[in-house]
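K.L.:
Listed below are the residues making up each chain.
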Amino acid sequence: MPEPLHLAVALDASGWHPAAWREPAARPTSLLTAAYWTDLIKAAERGLLDFVTIEDSLGLQSDTFSGPDDRVDRVQGRLDAVLIAARVAPLTSSIGLVPTAVLTHTEPFHLSKAIATLDYVSRGRAGVRVKVAVSAAEAEHFGRRHIPQLTPADLTTPEVRQLVSDLFDEAADHVEVVRRLWDSWEDDAEIRDAATGRFIDRKKLHYIDFRSKHLSVKGPSIVPRPPQGQPLVSALAHIDVAYRLAARQADIVYVTPADTTDATRIVHDVRAEQAAAGRERETLHVLADLVVFLDSETEPGAARKARLDDLDDLDGIEYTSDARISTGSASDLADLLEQYQQAGITGFRLRPGALPDDLTRITGRLVPELQRRNLFRRDYEASTLRGLLGLARPANRYAVTEGVPA
Amino acid sequence: MTSKPRKQIHLAAHFPGVNNTTVWSDPRSGSHIEFDSFVQFAQIAERAKFDFLFLAEGLRLREQNDQIYDLDVVGRPDTFTVLAALAAVTDRLGLTGTINSTFNEPYEVARQFATLDHLSAGRAAWNVVTSWDALTGENFRRGGFLPQEQRYERAERFLSAARRLFDSCSGDEILANKESGVFLDAPRPGRFAVHDNHFDIAGHFKVPRSPQGRPVIFQAGDSDAGREFAAASADAIFSRHGTLEAGQAFYQDVKGRLAKYGRGHDELLVLPAATFVLGDTETDAQEQAAIIRKQQVSGQTAIKFAEQLWNRDLSDYDPDGPVPEFDPLLGEHTIARGRASVRMYTDPIATARQWRELGAARKLSLREVIIEVTGRQNFIGTAETVAATIDEFVQADASDGFILVPHITPGGLAEFADTVVPILQERGSFRADYTGSTLRDHLGLAIPKRESARQSGQELTGARAAS
Numbered sequence: 001m002p003e004p005l006h007l008a009v010a011l012d013a014s015g016w017h018p019a020a021w022r023e024p025a026a027r028p029t030s031l032l033t034a035a036y037w038t039d040l041i042k043a044a045e046r047g048l049l050d051f052v053t054i055e056d057s058l059g060l061q062s063d064t065f066s067g068p069d070d071r072v073d074r075v076q077g078r079l080d081a082v083l084i085a086a087r088v089a090p091l092t093s094s095i096g097l098v099p100t101a102v103l104t105h106t107e108p109f110h111l112s113k114a115i116a117t118l119d120y121v122s123r124g125r126a127g128v129r130v131k132v133a134v135s136a137a138e139a140e141h142f143g144r145r146h147i148p149q150l151t152p153a154d155l156t157t158p159e160v161r162q163l164v165s166d167l168f169d170e171a172a173d174h175v176e177v178v179r180r181l182w183d184s185w186e187d188d189a190e191i192r193d194a195a196t197g198r199f200i201d202r203k204k205l206h207y208i209d210f211r212s213k214h215l216s217v218k219g220p221s222i223v224p225r226p227p228q229g230q231p232l233v234s235a236l237a238h239i240d241v242a243y244r245l246a247a248r249q250a251d252i253v254y255v256t257p258a259d260t261t262d263a264t265r266i267v268h269d270v271r272a273e274q275a276a277a278g279r280e281r282e283t284l285h286v287l288a289d290l291v292v293f294l295d296s297e298t299e300p301g302a303a304r305k306a307r308l309d310d311l312d313d314l315d316g317i318e319y320t321s322d323a324r325i326s327t328g329s330a331s332d333l334a335d336l337l338e339q340y341q342q343a344g345i346t347g348f349r350l351r352p353g354a355l356p357d358d359l360t361r362i363t364g365r366l367v368p369e370l371q372r373r374n375l376f377r378r379d380y381e382a383s384t385l386r387g388l389l390g391l392a393r394p395a396n397r398y399a400v401t402e403g404v405p406a
Numbered sequence: 001m002t003s004k005p006r007k008q009i010h011l012a013a014h015f016p017g018v019n020n021t022t023v024w025s026d027p028r029s030g031s032h033i034e035f036d037s038f039v040q041f042a043q044i045a046e047r048a049k050f051d052f053l054f055l056a057e058g059l060r061l062r063e064q065n066d067q068i069y070d071l072d073v074v075g076r077p078d079t080f081t082v083l084a085a086l087a088a089v090t091d092r093l094g095l096t097g098t099i100n101s102t103f104n105e106p107y108e109v110a111r112q113f114a115t116l117d118h119l120s121a122g123r124a125a126w127n128v129v130t131s132w133d134a135l136t137g138e139n140f141r142r143g144g145f146l147p148q149e150q151r152y153e154r155a156e157r158f159l160s161a162a163r164r165l166f167d168s169c170s171g172d173e174i175l176a177n178k179e180s181g182v183f184l185d186a187p188r189p190g191r192f193a194v195h196d197n198h199f200d201i202a203g204h205f206k207v208p209r210s211p212q213g214r215p216v217i218f219q220a221g222d223s224d225a226g227r228e229f230a231a232a233s234a235d236a237i238f239s240r241h242g243t244l245e246a247g248q249a250f251y252q253d254v255k256g257r258l259a260k261y262g263r264g265h266d267e268l269l270v271l272p273a274a275t276f277v278l279g280d281t282e283t284d285a286q287e288q289a290a291i292i293r294k295q296q297v298s299g300q301t302a303i304k305f306a307e308q309l310w311n312r313d314l315s316d317y318d319p320d321g322p323v324p325e326f327d328p329l330l331g332e333h334t335i336a337r338g339r340a341s342v343r344m345y346t347d348p349i350a351t352a353r354q355w356r357e358l359g360a361a362r363k364l365s366l367r368e369v370i371i372e373v374t375g376r377q378n379f380i381g382t383a384e385t386v387a388a389t390i391d392e393f394v395q396a397d398a399s400d401g402f403i404l405v406p407h408i409t410p411g412g413l414a415e416f417a418d419t420v421v422p423i424l425q426e427r428g429s430f431r432a433d434y435t436g437s438t439l440r441d442h443l444g445l446a447i448p449k450r451e452s453a454r455q456s457g458q459e460l461t462g463a464r465a466a467s
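Heads up: the protein sequence lines correspond to chains A and B, in order. At position 87 of the first sequence the residue is numbered 87 (my numbering), and the sequence of numbers has no breaks. At position 79 of the second sequence the residue is numbered 79 (my numbering), and the sequence of numbers has no breaks.
Just chain A, with the same shape it has in the complex:
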């Protein structure tokens, strides 16, 4: 029997097609309400999906690389993704919640306690998708460092490659601090020992004393170790430095193979980086990102995409994405997922072309199709996100092994 697939959905505004907000079922005036996000995530949970990710950035949504564009025909404005996840957590019970967090301008101490707290309010369903911001505009919002205005062509110059490489190194340090802070309290540090008057056993709290070129953080966290021990860390990666970051620090990497051959190559590269990081024995899921437009009763997915392309002023160019775009029936998509699985992909993060339409078809058509093929769960088999992804609760890096005399 084949390994079951892991299935996530990437939520952003009205969906991933820039004209998706104009679809009849779209709710473009509700994007800033709790009800909008609650409805989507509950729908994903009814479909037994492993988790949802929520997009975010520290600047306006834009077509251009370095800053805002001049368009008025696309969705603009976003809420903080971590807080959306927290707002929905008490209203859901099984699905994982994986908000996006930018590492470049933010404090690891704050991010660590936010995700730990998300893990508490969701009772063990928290993760985070970490992101590096190589954006001049976002840097100016913080005013603490300069990042030059770049075009995609600049990315090949040695200076810019070095800048990007440094930002990814800093991101790796950032995640290291976040993870150490999650472990900075041992699980049984809170003792409430009335006899001695001690609320905690302070031997079980640890300074993390992290120091690098980029960061120095003392610790411990103000939040005790979260229910999962280590909430999930994930990252989207297209280039070597990003594969390396994921291989060093993540539990899940989202990749964007163009086809199965490309998938084989990417999985090979990721596994090589994983080995180089000394993590061969740890689970690192490689999830392929796909933008999906699924057929409905009345309109094929391809026709819907073409119609949306016409609505969006793309100057005659059709909508493309960093991820492969899949149009067709649920059965076609299931076939594609199986092919990718044979190339070493362990799951998928589907980006719905339009919301809620494509989410409805993922849960209503794709999931039953995968279940028929014995490729997807029929019920939630675990109560934590780590559990859904087959990851054990990790030992605390600071805990002294039982039975070893001090």
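Treat the hints as calculated values from the structure; they're not laboratory data. In this text the structure is predicted, and so the values were computed from the model without any measurement. Warning: the hint list may mix true and false statements.
Computed footprint of chain A on chain B, listed as stretches where at least three residues anywhere in the stretch have a Cβ under 8 Å from a Cβ of chain A [as the list claims (entries may be wrong)]:
1. 86 to 100
2. 104 to 110
List time: in silico DSBU-like cross-link candidates among lysine-lysine, alpha-carbon distance up to 35 Å [what the hints assert, rightly or not]:
3. B:Lys-49 to B:Lys-7
4. B:Lys-294 to A:Lys-42
5. A:Lys-131 to A:Lys-42
6. B:Lys-260 to A:Lys-203
7. B:Lys-49 to A:Lys-42
8. A:Lys-213 to A:Lys-131
9. A:Lys-131 to B:Lys-178
10. B:Lys-178 to B:Lys-449
Glycine included, every Cβ here is placed at the ideal spot set by N, Cα and C.
Once you've looked at the hints, dock chain B against the given chain A.
P.N.:
Same frame as chain A, but now just chain B:
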């Protein structure tokens, strides 16, 4: 019939932080971390029609004698995250978070508060605080600390910058016309720029204007600079004044500062923190209060308090013996670094002398002296007398209400909610039900007028500066 309508009391519930208020050894004491505790606490407050829930913040675990302090509750959740989650299980209750202006950036904090305001449909409030200590700075990539005299300047500039961000969108930008395909009324919404001696930021804010326009702004701080900051920029001030007279003096002082900023008497609420002990009789309540004080100040805790004044290791000292005869060490505090409490003692030698005299006069041990001097509960009595006292404080302009801190978490608020609140409602001094949906509605605060985004950063940040 009297002609003057009764002043309406504002009540809030403070989920206790990491200090000795909480008697964690009591079997009724629950978790300070598990979300269920917060849900229970918030739902009691909402059931009682409280204005808001209040969370404090600390960004470094407290230390004393170079060790993590272990006698009080240790550990708390992230403020924003827990408030966003509480928005899902409450409907009307305001959600007030304490967020530091030293170890954060305006863009991020404004984004988080605007998000919280959207996700709670207009119930967000921000208690603006500043840290200055290098100890806390060690947890942050920026590290460092602020000279104490720059604390309020930083807070003032930070708040000004955040206000610019909140006001950078008009709320009318999003058209989302599916027919015409026009989403925005103009490209690049949310333009802002702030250039001053603390911030050099510019660009576009990304969260469209939230239901309250801006979160309600709280300021906690008793110093002259703190009061001025509140009069200039805050919607409410969080204070600690135990007696009617002290409360009235403070109230008059801060309200008197409003006019020079062009603000009206009702635009700044005075909301002191208060503890309470309820009993079936006055005697019962007094006895309960004494027992709780002894639980809050154990012998070990008394020694720790004494060390904060004496600034030296007193771990061998007997808390049940007399107040130490020797004087405190002056100079830099080495015992309790980063503790706000050590700054209270401006003249440690004189304070120690007072404690000694109190001990000798009333034959009190060190522990008993500390029980006396470190703050009795504010309201002790039956539900009737506590309700009457609270009402008297508010009607006599010693405050506009209280932020209540129970000593048992999360259930300690229930008795107050079930017994005192109905009496206040009968007296016509407290709402029988919510009449509005936003925190500004509850507090009688108008939606703030938007300061034009066209104004220069200098003009905005300079106009309301306290100095």
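K.L.:
So, for every hint listed, does it hold in this structure?
P.N.:
Against the structure, the hints:
no., hint, result
1, 86 to 100, "holds (count 3)"
2, 104 to 110, "holds (count 4)"
3, B:Lys-49 to B:Lys-7, "16 Å, holds"
4, B:Lys-294 to A:Lys-42, "49 Å, violated"
5, A:Lys-131 to A:Lys-42, "25 Å, holds"
6, B:Lys-260 to A:Lys-203, "53 Å, violated"
7, B:Lys-49 to A:Lys-42, "30 Å, holds"
8, A:Lys-213 to A:Lys-131, "19 Å, holds"
9, A:Lys-131 to B:Lys-178, "32 Å, holds"
10, B:Lys-178 to B:Lys-449, "30 Å, holds"
Of the hints listed earlier, those the structure fails to meet are numbers 4, 6, in rising order.
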